[in-house]
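Trainee: Residue numbers (this note's numbering), protein chains in the order written: chain A, 1 to 291; chain B, 1 to 308.
Rather than coming from a laboratory, the hints here were simulated on the basis of the structure. Note that CB positions come from ideal geometry on N, CA and C, so glycine has one too. One should not assume that every hint holds.
Result set (DMTMM-like, lysine to aspartate or glutamate): computed pairs, CA atoms no more than 25 Å apart in a straight line [to be verified]:
no.: 1; chain 1: A; residue 1: 9; chain 2: B; residue 2: 181
no.: 2; chain 1: B; residue 1: 122; chain 2: A; residue 2: 166
no.: 3; chain 1: B; residue 1: 302; chain 2: B; residue 2: 181
no.: 4; chain 1: B; residue 1: 302; chain 2: A; residue 2: 166
no.: 5; chain 1: A; residue 1: 15; chain 2: B; residue 2: 203
no.: 6; chain 1: A; residue 1: 15; chain 2: B; residue 2: 192
These stretches of chain A come out as covered by chain B in the derived footprint (C-beta under 8 Å, 3 or more residues) [as the list claims (entries may be wrong)]:
no.: 7; region: 10-19
no.: 8; region: 37-51
no.: 9; region: 112-120
no.: 10; region: 153-167
no.: 11; region: 248-258
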Amino acid sequence: MIVDIAARKRLARRKRADRIFQTLCFFAASIGVLILVLFLYKILVDGMGRLSLTFIRSSLSSRPGKTGIWPAIAGSAYVMALTTAIAVPTGIAAAIYLEEFNTRKSRLSEFIQLNIANLAGVPSIVYGMLGLAVFVRWLSFRESVLSGALTMSLLILPMVIIVTQEALRAVPKGYRDGSLALGSTYWQAIFHQVLPSAAPGIFTGIILSISRAIGETAPLIVVGAAAYVAGAPQRVSDHYTVLPIKIFDWAGDAKEGFNQVAATAILVLMIALLVLNSAAIYLRARSRLRR
Amino acid sequence: MSLKLSTSARYRRTFGIRGVSEAVVKWICFLCALVSVLTTIGIITVLISQSIPFFQEVSPAEFFSGTVWQPTPEPGKFGILPLIVGTLIITVGAGLFAVPLGLLSAIFLSEYAPLKLRNFLKPTLELLAGIPTVVYGYFGLFFVTPLLRHVLPQIQSSNALSGAIVVGIMILPLVSSLCEDAISAVPRALREGAYGLGATKMEVTTKIVVPGALSGIMASFILALSRALGETMAVTLAAGSNPTLAFNPAKAIETMTAYIVSTSKGDAGVGTVRYNSIFAVGITLFGFTMVMNLVATRLVKKFRQVYS
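Taking the hints into account, I'd like the entire structure generated from these sequences.
Mentor: And the structure:
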């Protein structure tokens, strides 16, 4: 072996550079975790003090010491339930068309596919402007729960379609062939074989889409969700507010004490998101067990 | 397998009522798929038709080259440059924060991290992506700004710097996961070849993997920046609503999205110039994001052809 001092030194330098680079990458990756921890700590410290059943059940008030959050929780739940009822069937049907009825990939379905991918990149506030012009003004649904839910449906539709397509694609081809060989029609094969076995994947994806929508604020402000309402909405034509809008309103309020209330509202929202996401993880784990 | 539905006369004779209902179901599914196309048409139609009344009052030349944005009092001044500059400050600032960090953490996750650490870090980063944007706004206002005040005592409570930082945090998981996808698409054989020549891991990463995944990495940067451009709630809270052309990161600015939000929750009467201006701003924003998304899709397509 040739002892080349210069080469050894070079090698040592290269190895040192490698270690430094590795440490650098490690720190970059841990910054995300660190920020998340700081985030949760900050919200807990600011918000825990006000969190109580009374806060959750009371109505809104302009005094930070007295206000509750019930109308916003009810509004969020109402808008989301309606959004789910509109977007989920539409999205699943659209995905079935693109994946099952159109496997030859016509030019039209390719165009629709491209279009869905583009829609997923449109800023959410633009959907709000669409909703404002079409639902609020043109169809005169006014600033109602219905306008909000329709706007949100258009917003999450691309996501619902994409996740459903992925779930459908994961179903083995044999399921369709077997069903068809036994004499079923195409729709029977889809409805009785393909959809049930894709269901856990579809549900997981839908829950994730909804948890994205719950935190969406901008489009609902544009379609006229109010910052203050007297009570929980009763009908689809009622005025409403939602949790993230109250958070926005309170966080921007200079009055002493409102930032704590905003933190408490964030806690409520995060707990709701946590429950939804746990449900998604549970569904995914259960469907893995069954296979 | 082709599940194409035949609705021919012979098919219907064979399957009777079943054949007809099959066709009906197919049509319903087709109509649902068409909703997405209608949404696109709707967005474009609404943005154009609603901004026509605005452009009758304010000429496009004045709108796109004006340097003063002052919607009130009537008749206001509508030069969009301050809003565009505000938006770009946030986007570029967020990119400066998220692009290097995101790329390095993607490299760590795909090249260096042991499996167990990776299985912990990846879901945690995904959690960060699931936090609603309005919460980021709160965080900017009540955590980042007070922190910055230690360094810059004269900083305003809403300021461009804190807005850029929280938007950067927000797009960090996006950059990281898209970069990781691009990096893991680089064939293993390329790495093995370099290792065989005696390269260290850092050399393999910086000279083989990253250049090999470059178009995918660029695409992920552009997609993340386009997300930052359209981001609304975090910047409205953290960066403020003060349209100026000042390049001072300690001062409040206003982005296009923040203007749309603050105007639509305000008291602008339907049909006034100020009310119509949100659509003109909206179409500008839409144009910006569309161009960025198109460039990114191009890059991804090019990148796929290289290795498949």
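Trainee: It remains to establish, for every hint, whether it holds in the given structure.
Mentor: How the hints compare with the structure:
Between residue 9(A) and residue 181(B) the alpha-carbon distance is near 36 Å, which puts this suggested pair outside the 25 Å criterion. The hinted pair formed by residue 122(B) and residue 166(A) meets the criterion: a straight-line CA distance of about 21 Å does not exceed 25 Å. A C-alpha spacing of about 15 Å is found between residue 302(B) and residue 181(B), which places the hinted pair at or below 25 Å, so the restraint holds. Distance hint between residue 302(B) and residue 166(A) is fulfilled; the C-alpha atoms sit about 23 Å from each other, no more than 25 Å.
Distance hint between residue 15(A) and residue 203(B) is fulfilled; the C-alpha atoms sit about 10 Å from each other, no more than 25 Å. Our distance criterion of 25 Å between C-alpha atoms is met by residue 15(A) and residue 192(B), whose separation comes to about 18 Å. For the region 10-19 of chain A, the assignment as covered by chain B holds, since 4 residues bring a beta-carbon within under 8 Å of that chain's beta-carbons and 3 suffice. Closer than 8 Å: that is the beta-carbon criterion, and the region 37-51 of chain A has 5 residues meeting it against chain B, so the requirement of 3 holds.
Counting residues of the region 112-120 of chain A whose CB lies closer than 8 Å to any CB of chain B gives 6, which reaches the minimum of 3, so the coverage claim holds. For the region 153-167 of chain A, the stated coverage by chain B holds: 4 residues have a C-beta nearer than 8 Å to a C-beta of that chain, and at least 3 were required. With 3 residues having a Cβ less than 8 Å from any Cβ of chain B, the region 248-258 of chain A passes the three-residue criterion, so the hint holds.
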